[in-house]
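There are 2 protein chains.
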Amino acid sequence: MFNDFRTEGESPAYIQLKVYIETLIMQGVMPLHHKLPSTRELAGLLGVSRTTVISAYEALERTGWIEAVKGRGNFVSRAVAHLEEPPGMIDWKERLGRRALLSEEMDLMKHGIKWEKGMIAFTSIAPDEKLFDMGGVKRAFLDRMALEGDVLLNYGYAQGYRPLMQYLMSYMRGKGVEAKGKDILITNGFTEGFDLVLTAIGRRTGRILCENPTHQTAIKIMKLHGFEPVGVRMEQDGMDMEELRRVLGEGGFDLAYLTPSYHNPTGIVTSPEKRMELLRLLGEHEVPVVEDGFNEELRYSGAHAAPLIACAGTGNSVAYIGSFSKILFPGIRVGWIVADGGLIGYLESLKRARTIHTSTLDQALLFQYLHNGNFERYLKRARTEYKRKYELAIRGCREHIPMKSMSGEGGLHVFVELDESLDARSVLEECRARGVVFTPGDIFFTDGGGRHTMRIGFSRVPEERIEEGLRIIGGVVNKQLKASGR
Amino acid sequence: MFNDFRTEGESPAYIQLKVYIETLIMQGVMPLHHKLPSTRELAGLLGVSRTTVISAYEALERTGWIEAVKGRGNFVSRAVAHLEEPPGMIDWKERLGRRALLSEEMDLMKHGIKWEKGMIAFTSIAPDEKLFDMGGVKRAFLDRMALEGDVLLNYGYAQGYRPLMQYLMSYMRGKGVEAKGKDILITNGFTEGFDLVLTAIGRRTGRILCENPTHQTAIKIMKLHGFEPVGVRMEQDGMDMEELRRVLGEGGFDLAYLTPSYHNPTGIVTSPEKRMELLRLLGEHEVPVVEDGFNEELRYSGAHAAPLIACAGTGNSVAYIGSFSKILFPGIRVGWIVADGGLIGYLESLKRARTIHTSTLDQALLFQYLHNGNFERYLKRARTEYKRKYELAIRGCREHIPMKSMSGEGGLHVFVELDESLDARSVLEECRARGVVFTPGDIFFTDGGGRHTMRIGFSRVPEERIEEGLRIIGGVVNKQLKASGR
Numbered sequence: 001m002f003n004d005f006r007t008e009g010e011s012p013a014y015i016q017l018k019v020y021i022e023t024l025i026m027q028g029v030m031p032l033h034h035k036l037p038s039t040r041e042l043a044g045l046l047g048v049s050r051t052t053v054i055s056a057y058e059a060l061e062r063t064g065w066i067e068a069v070k071g072r073g074n075f076v077s078r079a080v081a082h083l084e085e086p087p088g089m090i091d092w093k094e095r096l097g098r099r100a101l102l103s104e105e106m107d108l109m110k111h112g113i114k115w116e117k118g119m120i121a122f123t124s125i126a127p128d129e130k131l132f133d134m135g136g137v138k139r140a141f142l143d144r145m146a147l148e149g150d151v152l153l154n155y156g157y158a159q160g161y162r163p164l165m166q167y168l169m170s171y172m173r174g175k176g177v178e179a180k181g182k183d184i185l186i187t188n189g190f191t192e193g194f195d196l197v198l199t200a201i202g203r204r205t206g207r208i209l210c211e212n213p214t215h216q217t218a219i220k221i222m223k224l225h226g227f228e229p230v231g232v233r234m235e236q237d238g239m240d241m242e243e244l245r246r247v248l249g250e251g252g253f254d255l256a257y258l259t260p261s262y263h264n265p266t267g268i269v270t271s272p273e274k275r276m277e278l279l280r281l282l283g284e285h286e287v288p289v290v291e292d293g294f295n296e297e298l299r300y301s302g303a304h305a306a307p308l309i310a311c312a313g314t315g316n317s318v319a320y321i322g323s324f325s326k327i328l329f330p331g332i333r334v335g336w337i338v339a340d341g342g343l344i345g346y347l348e349s350l351k352r353a354r355t356i357h358t359s360t361l362d363q364a365l366l367f368q369y370l371h372n373g374n375f376e377r378y379l380k381r382a383r384t385e386y387k388r389k390y391e392l393a394i395r396g397c398r399e400h401i402p403m404k405s406m407s408g409e410g411g412l413h414v415f416v417e418l419d420e421s422l423d424a425r426s427v428l429e430e431c432r433a434r435g436v437v438f439t440p441g442d443i444f445f446t447d448g449g450g451r452h453t454m455r456i457g458f459s460r461v462p463e464e465r466i467e468e469g470l471r472i473i474g475g476v477v478n479k480q481l482k483a484s485g486r
Numbered sequence: 001m002f003n004d005f006r007t008e009g010e011s012p013a014y015i016q017l018k019v020y021i022e023t024l025i026m027q028g029v030m031p032l033h034h035k036l037p038s039t040r041e042l043a044g045l046l047g048v049s050r051t052t053v054i055s056a057y058e059a060l061e062r063t064g065w066i067e068a069v070k071g072r073g074n075f076v077s078r079a080v081a082h083l084e085e086p087p088g089m090i091d092w093k094e095r096l097g098r099r100a101l102l103s104e105e106m107d108l109m110k111h112g113i114k115w116e117k118g119m120i121a122f123t124s125i126a127p128d129e130k131l132f133d134m135g136g137v138k139r140a141f142l143d144r145m146a147l148e149g150d151v152l153l154n155y156g157y158a159q160g161y162r163p164l165m166q167y168l169m170s171y172m173r174g175k176g177v178e179a180k181g182k183d184i185l186i187t188n189g190f191t192e193g194f195d196l197v198l199t200a201i202g203r204r205t206g207r208i209l210c211e212n213p214t215h216q217t218a219i220k221i222m223k224l225h226g227f228e229p230v231g232v233r234m235e236q237d238g239m240d241m242e243e244l245r246r247v248l249g250e251g252g253f254d255l256a257y258l259t260p261s262y263h264n265p266t267g268i269v270t271s272p273e274k275r276m277e278l279l280r281l282l283g284e285h286e287v288p289v290v291e292d293g294f295n296e297e298l299r300y301s302g303a304h305a306a307p308l309i310a311c312a313g314t315g316n317s318v319a320y321i322g323s324f325s326k327i328l329f330p331g332i333r334v335g336w337i338v339a340d341g342g343l344i345g346y347l348e349s350l351k352r353a354r355t356i357h358t359s360t361l362d363q364a365l366l367f368q369y370l371h372n373g374n375f376e377r378y379l380k381r382a383r384t385e386y387k388r389k390y391e392l393a394i395r396g397c398r399e400h401i402p403m404k405s406m407s408g409e410g411g412l413h414v415f416v417e418l419d420e421s422l423d424a425r426s427v428l429e430e431c432r433a434r435g436v437v438f439t440p441g442d443i444f445f446t447d448g449g450g451r452h453t454m455r456i457g458f459s460r461v462p463e464e465r466i467e468e469g470l471r472i473i474g475g476v477v478n479k480q481l482k483a484s485g486r
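Here the protein sequences come in this chain order: A and B.
Its first residue numbered 1, the first sequence is counted upward by one per residue in my numbering.
Its first residue numbered 1, the second sequence is counted upward by one per residue in my numbering.
Treat the hints loosely; a few may be bogus.
It does not matter which identical chain is meant; a pair holds if it fits inside one copy or across any two.
[As the list claims (entries may be wrong)] Once the Cα atoms are required to be at most 25 Å apart in a straight line, the calculated PhoX-like pairs of lysine-lysine come out as:
(1) Lys223 to Lys93
(2) Lys180 to Lys93
(3) Lys70 to Lys387
(4) Lys380 to Lys70
It should be emphasised that the hints constitute simulated quantities derived from the structure, not laboratory data.
Using the sequences and the hints given, assemble the complete structure.
Now the structure itself:
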């Protein structure tokens, strides 16, 4: 006993000693009522200070493991009662429902593209953390904590932290949204927002209209909720309207899920005319819309189109889900839904039943950061940086990759369509061997198509490596084109 | 135009001017290509500095509302295109599914007890924010941000922030949990943890075994997932084992949901013997267990029983959901599940599909706070404070409220059973008129019972008002007893 105790790592010695003794008790080495060595004795035995032993004993007493008896010493006061025979093992997998199994199967972090450090990874569209404005974040935290730290740390409201709600409503008003009759709900990012809406919506036809290709996480969430995503082909200015009309004519939809700006994965911005036409057609067929405001802020040129929810004016058919994750800080999970006030009321109750509320601390930090006027400054800087990378990516793709077409008017990625004889996954395999990875486009398609497409995310690739990476991809594409006889 | 512009509130004048002009554009008062007044002119007109106007114009230009044409001035560059005729209104309520409607119906924040400021509210069991250790929180934030602020603000992992996961696993080991074969998932508090498990579990019998009464939020979540909670009567040392045997004999259960320590609402601590017996019986019937670790830390006396997951030893049938919300900071939504490693893998994928991950900033803040050694110090202080209130509450109830029985061995509330002729809701009504509210017990019962019970939460009632409040309740109970002829 005690002869294998060694302190290691950075946690305080007394904590390590406490854990060590706990283990001895748990393993039955020190049974109930066993007397512990005196603090002086143990300090000598272990070669640690007596204070360390005293602190460890005190901590063990506080957590109920030992008991100090005046004048007699310290005694083990807890027997860890295990069942003599642990209950039979549960086969958890066999107990799980469809949704758990499917979520694992569709989990790209588990079954997606793997890469190693040092590779050029065009797989991410997360923001570049080197751009983060740490000073602004610290200031915002300290400012808000000084004002109402106790409020931030206690329970908040499911709908959200009021100053942030007000800020974002006014931000949405600034995008042209008619606020009357609408309300806002703060969520744990886009993902929770979309999940809440799909939890709320009843299944009638079980079909959701969307762009094809579309956001892979959205496809996953739709399928997990038992909805079938029905995609409509994308053209350079948005959905193919002929196909949309045909699909709408073929049967009802419970919902449409649309990303009109910097669409993921194609980077396409739907034109103002198509936005209007979309709203008109979906209105005629009484299909409500979930608008994904994804990256709307990452506009590199002057052109800007109002979001669908603004185009709909006083209409209530569009629910807009927003997030600054791809621009500000994805690590703090804050997004929002602006929609019909009645709908928001139900989503609020669902949210309360699911996560009580989004971290008030995060909401307050974000609010104060915005309120301090950091957002526009930061956005300006981020746009400049990303624009430079964007232009490098566009130029690099054009110069080096033989392709059928390319899209991407902004955002953090471009989308490349190769010759149809090629398989992007086989291109990927060769590229990986040469130290470059990207996202094969097929995961974004609702109909099993897109095997010859790829998404090139550039936000986290260092500027000086963008061209290098694209040249390597181009080399592999050329090689495989030759092999296929084109 | 411009004559109704006034700055108000604390947001910078240029932002207010920007919003004002946006509104003029949105409302069509300033149409496309309309020329804005010069900055000098507008500054004079509004009585603001020229810098304010210049900043507002710059912000409008950045967000695409106006365009500066060299030598000619500023022009409206965006027409807010609304549909001439907004699409038809959607009747959202009619589009919603059972779950959204039920979550609203069962939403206590919407349909629960209302009270006004100044009343003595025994309704809350949230921690007392006056106890919050703000200095420790600030230090933890600054410490961690200095170490790896950029990592905290970018995307993290669904399973959790590694240092926190490790800390909590070792914390659970300290409670006697055998870690081998188990793993941990960080969640947005208990609520998300329980919701994830119920999302994952397939419905076979659709029945969940639980204590009667039990946590109202848990009842809500079970019902929202289409499970029927089947409650077993509580005795002073845990479930009535006879009833448990009978109920288990009557038919299968998909799960058991149990709160062995400081059970909500009764405050009962299940005895070590009953814990073992529970595990044995549930094991025989192959019923897996979700253990709610609720308030396990709020032990005011020496007695302490190991959690079920520790008692189960190497068995894998217990999934433990923990949270420090009622002790540390509920505003940052961090909880955890420790369970069979295979199960955690599926829950992780579900979590990723639902909220990506829990705020890394919050996890890191909590980790650093714990790592800095604040927890035990804080817990000691909180226990001392709450224990005083607990004793006041126990004494006050005994002295002033005529009752059949009372329970509560710790935690932040006690549970009172009145004479069965009484209706706690009618007691509540009279009490509210006298400035005191509490939680009527019926909401915690799975079988419509408990109409003569009440939960008295004392954590947020100032010490000096606890007795006063209980005396008022006692007065009303006495009055209603007399009226009922007892």
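Hints, verified against the model:
Taking CA atoms no more than 25 Å apart as the test, Lys223 paired with Lys93 passes in both settings, with 20 Å inside one copy and 23 Å between copies. Taking the closest pair of Cα atoms, Lys180 and Lys93 come within 25 Å of each other only across two copies (18 Å); inside a single copy the shortest separation is 48 Å, beyond that limit. For a Cα distance limit of 25 Å, the shortest separation of Lys70 from Lys387 across copies, 24 Å, qualifies, whereas the shortest one inside one copy, 72 Å, does not. In this assembly of identical chains, the alpha carbons of Lys380 and Lys70 lie at most 25 Å apart only when taken from different copies (21 Å versus 68 Å within one copy).
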